[in-house]
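Sequences and hints are given; from them, build the entire structure.
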Amino acid sequence: MIEPVALQDFFITFFSSALIIMAGASYALLFAWSKVNTNLWIKIAAYCSYSILILSVMELTRAAQFQGYWLIISLVMVIGYFFAPIGIWYLCVKTHSDLTITTEEDTL
Amino acid sequence: MNTSGINGVIQKATALYETSQVCMNDFKSWVQLDSSHLSDGQRLAVKYFIVAVILFFAQILFGLLAATQFIFPGFLYEILDFSVNRMIHINAMIVWMLYGFIGCVYWFLEDESGTEIVGLKLGNIAFWVLTGAVTLVVLVYLLVQIGPGKDSSLWFINEGREYIEAPRWADIGIVIVMLIFFYNVVATFIKGKWSGIAGVLTLDLVALAGLYVAGMFYMTNITHEQYWWWWVIHLWVEATWEVLVGVIMAWSLMKLLGVRRKIIQTWLYIEVALMFGSGILGLGHHYFWIGTPEYWLTIGGFFSALEPIPLVAMVVHAVYDTGANAFKNSNHPALAWIIAQAFGNFFGAGVWGFMHTLPQINMFTHGTQWSASHGHLAFFGAYATINIAFFYLAIQHWRGDVWMGSDSQNTWRWKWALGLLNGGVLGMTIALLIAGYEQSFIERAVEGSTWGGYFTAQNHPSFQSAMVWRLFFGGVTFAGFVLLVWDLLTIGKGETRLAPEIIEMR
Numbered sequence: 001m002i003e004p005v006a007l008q009d010f011f012i013t014f015f016s017s018a019l020i021i022m023a024g025a026s027y028a029l030l031f032a033w034s035k036v037n038t039n040l041w042i043k044i045a046a047y048c049s050y051s052i053l054i055l056s057v058m059e060l061t062r063a064a065q066f067q068g069y070w071l072i073i074s075l076v077m078v079i080g081y082f083f084a085p086i087g088i089w090y091l092c093v094k095t096h097s098d099l100t101i102t103t104e105e106d107t108l
Numbered sequence: 109m110n111t112s113g114i115n116g117v118i119q120k121a122t123a124l125y126e127t128s129q130v131c132m133n134d135f136k137s138w139v140q141l142d143s144s145h146l147s148d149g150q151r152l153a154v155k156y157f158i159v160a161v162i163l164f165f166a167q168i169l170f171g172l173l174a175a176t177q178f179i180f181p182g183f184l185y186e187i188l189d190f191s192v193n194r195m196i197h198i199n200a201m202i203v204w205m206l207y208g209f210i211g212c213v214y215w216f217l218e219d220e221s222g223t224e225i226v227g228l229k230l231g232n233i234a235f236w237v238l239t240g241a242v243t244l245v246v247l248v249y250l251l252v253q254i255g256p257g258k259d260s261s262l263w264f265i266n267e268g269r270e271y272i273e274a275p276r277w278a279d280i281g282i283v284i285v286m287l288i289f290f291y292n293v294v295a296t297f298i299k300g301k302w303s304g305i306a307g308v309l310t311l312d313l314v315a316l317a318g319l320y321v322a323g324m325f326y327m328t329n330i331t332h333e334q335y336w337w338w339w340v341i342h343l344w345v346e347a348t349w350e351v352l353v354g355v356i357m358a359w360s361l362m363k364l365l366g367v368r369r370k371i372i373q374t375w376l377y378i379e380v381a382l383m384f385g386s387g388i389l390g391l392g393h394h395y396f397w398i399g400t401p402e403y404w405l406t407i408g409g410f411f412s413a414l415e416p417i418p419l420v421a422m423v424v425h426a427v428y429d430t431g432a433n434a435f436k437n438s439n440h441p442a443l444a445w446i447i448a449q450a451f452g453n454f455f456g457a458g459v460w461g462f463m464h465t466l467p468q469i470n471m472f473t474h475g476t477q478w479s480a481s482h483g484h485l486a487f488f489g490a491y492a493t494i495n496i497a498f499f500y501l502a503i504q505h506w507r508g509d510v511w512m513g514s515d516s517q518n519t520w521r522w523k524w525a526l527g528l529l530n531g532g533v534l535g536m537t538i539a540l541l542i543a544g545y546e547q548s549f550i551e552r553a554v555e556g557s558t559w560g561g562y563f564t565a566q567n568h569p570s571f572q573s574a575m576v577w578r579l580f581f582g583g584v585t586f587a588g589f590v591l592l593v594w595d596l597l598t599i600g601k602g603e604t605r606l607a608p609e610i611i612e613m614r
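Quick note, the sequences are listed as chains U and A, same order.
Numbered by this note's numbering, the letters in the first sequence go through residues 1 to 108 in order.
Numbered by this note's numbering, the letters in the second sequence go through residues 109 to 614 in order.
No lab work stands behind these hints, which were simulated from the structure alone.
No experiment lies behind these values; they were computed from the predicted model shown.
It is possible that part of the hints are untrue.
[Unchecked claim] Taking lysine-lysine and the BS3-like style, the derived pairs with C-alpha atoms no more than 27 Å apart in a straight line are:
#, chain 1, residue 1, chain 2, residue 2
1, A, Lys-523, U, Lys-35
2, A, Lys-363, U, Lys-94
3, U, Lys-94, A, Lys-258
[What the hints assert, rightly or not] Taking CB as the label site, the calculated pair distances span:
#, chain 1, residue 1, chain 2, residue 2, range
4, U, Gln-65, A, Asn-567, 45 to 53 Å
5, A, Asp-515, U, Thr-38, 32 to 40 Å
6, A, Ile-447, U, Phe-11, 48 to 56 Å
7, U, Cys-48, A, Lys-299, 52 to 60 Å
8, U, Glu-3, A, Leu-262, 51 to 59 Å
9, A, Phe-563, U, Phe-11, 51 to 59 Å
10, U, Gln-65, A, Trp-397, 14 to 22 Å
11, A, Asn-567, U, Glu-3, 54 to 62 Å
12, A, Glu-609, U, Phe-15, 46 to 54 Å
13, A, Ala-381, U, Phe-11, 44 to 52 Å
14, A, Glu-270, U, Asn-37, 47 to 55 Å
A virtual CB, placed ideally from N, CA and C, is assigned to each residue, including glycine.
Following this line, the structure appears as structure tokens:
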């Protein structure tokens with residue numbers, strides 16, 4: 001069962017939803033950059049972005065009145081957006097260094 | 109009519125034909141394109157690209173007419189109604205992008221398979237049949253705008269289904285043309301050599317042709333009807349088209365930046381897995397309000413939340429490549445449009461999509477200008493941009509692989525075209541976002557989706573001024589389109605430096 005967004009929460013729902021994607025991408029970008037450049041501030045900025053993401057998810061959870069199994073979506077967003085860039089970075093490293101990961105060159 | 113009258117008509121027709129021939133020859137000598145650089149498959153691809161650009165023009169033209177009618181409802185009333193303008197605006201967009209995709213595949217098919225296209229003659233016939241059918245369908249749309257809805261009108265005039273209004277005879281024709289295209293692709297790879305790109309493309313084309321069939325049969329229950337209709341609208345766009353773009357992008361990046369095939373193919377598989385994993389059941393966000401069981405609310409909400417993950421993957425990989433590789437590029441406009449694709453796809457599909465996709469808010473925004481806002485940026489960002497990037501790749505090869513870098517002549521044209529087109533579409537998106545916000549707030553939430561609420565929202569100053577801004581930015585987009593066509597016709601003209609030589613020197 002879903003509970004529609006209340007009238008006064010319209011803007012914050014749109015805003016927090018957009019911010020989840022923006023903060024998620026920003027965290028991914030800064031996380032990847034911190035791997036290329038060892039500057040500590042980039043890593044701190046990455047975790048700041050992730051903190052914004054958590055706050056945005058919390059705000060969306062409140063505004064969109066998530067309850068019951070809908071809370072799983074909030075949890076998936078918090079965990080998923082944290083680990084997705086790490087997993088994807090690992091895949092980047094593996095696909096660029098380990099040539100046996102794919103099939104024969106040029107053919108299936 | 110007497111003999112002299114017929115002779116007069118024949119003379120006029122002959123004179124018109126000769127004049128058009130002279131104009132065509134003047135045009136050819138002005139553009140100075142040498143088709144000896146093209147293979148047979150690439151010549152067929154160019155035909156698709158030309159029609160794609162003409163339909164792109166039609167999309168913008170009819171969009172401008174429809175946008176004008178939002179501000180002046182009496183404009184062209186009962187001559188060219190809003191419903192017709194909107195229909196052609198959207199149909200032209202779908203068809204020009206399809207033409208672009210088919211052209212892209214024909215362009216690289218011989219290169220990728222290492223052999224000539226097997227059914228080239230059949231491919232040419234299919235092109236003319238499809239183009240003739242599209243022309244006829246549009247003419248019927250324009251000439252028969254209103255009338256009774258009967259079995260005959262369904263077969264010959266308009267099927268009446270939003271976005272896929274083409275009459276059934278044209279639907280059958282589209283499927284046949286897609287099957288010919290499929291045959292050409294598969295038979296050519298069988299004759300030549302297979303690759304990861306070839307495998308993904310083949311499977312995707314099965315879905316591309318197969319899913320269209322879901323939009324061709326009728327069911328008396330409106331819920332069932334809508335259920336299958338979304339298979340075409342959503343699964344075409346958010347699954348098969350996305351994969352097709354992935355394939356085109358994979359080949360383009362190998363040519364444009366020299367990325368290794370092994371890496372590109374691995375990432376193509378990962379992207380396809382992510383897109384199918386989230387996109388297929390993301391279909392659920394269209395099933396919220398059509399009478400399907402309640403579990404679709406959860407499925408749609410959950411998978412819609414996952415849909416931005418491929419975009420996050422794209423961001424990480426872009427940073428990785430920037431740090432790990434120093435790519436050299438000889439076609440700056442193509443690369444600029446590919447970068448525009450990355451941003452447009454991220455914002456249009458990711459940010460604008462997720463903002464209003466969860467059912468708790470979607471029950472207010474569904475079908476308002478919010479959807480139009482998301483649609484404008486997502487379609488332009490994800491699909492128009494990659495087609496335009498490919499047009500630049502094609503024109504570079506057509507000119508004999510000349511250098512198209514930052515120190516080329518008249519680079520302002522492609523830069524301004526890029527800026528005006530992207531700025532125009534973004535401006536329209538913001539204007540529609542404001543209109544959609546107001547509409548969902550007043551019409552849906554405050555007044556409860558009543559007729560009174562609809563008219564209150566339509567007459568609200570913020571809605572009306574948003575429509576004016578949308579028209580203005582539509583004009584900006586049109587200016588960008590004109591500049592883009594001018595640039596595509598002239599870029600590289602007179603350039604003597606070859607791209608591989610310049611890359612070697614730097």
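Cross-check of the supplied hints:
1. A:Lys-523 <-> U:Lys-35: violated (33 Å)
2. A:Lys-363 <-> U:Lys-94: holds (23 Å)
3. U:Lys-94 <-> A:Lys-258: Violated, at about 60 Å.
4. U:Gln-65 <-> A:Asn-567: 45 to 53 Å: violated (31 Å)
5. A:Asp-515 <-> U:Thr-38: 32 to 40 Å: Check passed, 35 Å falls within 32 to 40 Å.
6. A:Ile-447 <-> U:Phe-11: 48 to 56 Å: violated (31 Å)
7. U:Cys-48 <-> A:Lys-299: 52 to 60 Å: Holds: the Cβ-Cβ distance is about 56 Å, inside 52 to 60 Å.
8. U:Glu-3 <-> A:Leu-262: 51 to 59 Å: violated (41 Å)
9. A:Phe-563 <-> U:Phe-11: 51 to 59 Å: violated (24 Å)
10. U:Gln-65 <-> A:Trp-397: 14 to 22 Å: holds (18 Å)
11. A:Asn-567 <-> U:Glu-3: 54 to 62 Å: violated (31 Å)
12. A:Glu-609 <-> U:Phe-15: 46 to 54 Å: This hint holds: roughly 52 Å between Cβ atoms.
13. A:Ala-381 <-> U:Phe-11: 44 to 52 Å: Since the Cβ atoms of Ala-381 (chain A) and Phe-11 (chain U) sit about 36 Å apart, the hinted range of 44 to 52 Å is violated.
14. A:Glu-270 <-> U:Asn-37: 47 to 55 Å: Cβ of Glu-270 (chain A) to Cβ of Asn-37 (chain U): about 49 Å, so the range 47 to 55 Å holds.
The structure fails hints 1, 3, 4, 6, 8, 9, 11, 13 (numbered hints given earlier, in ascending order).
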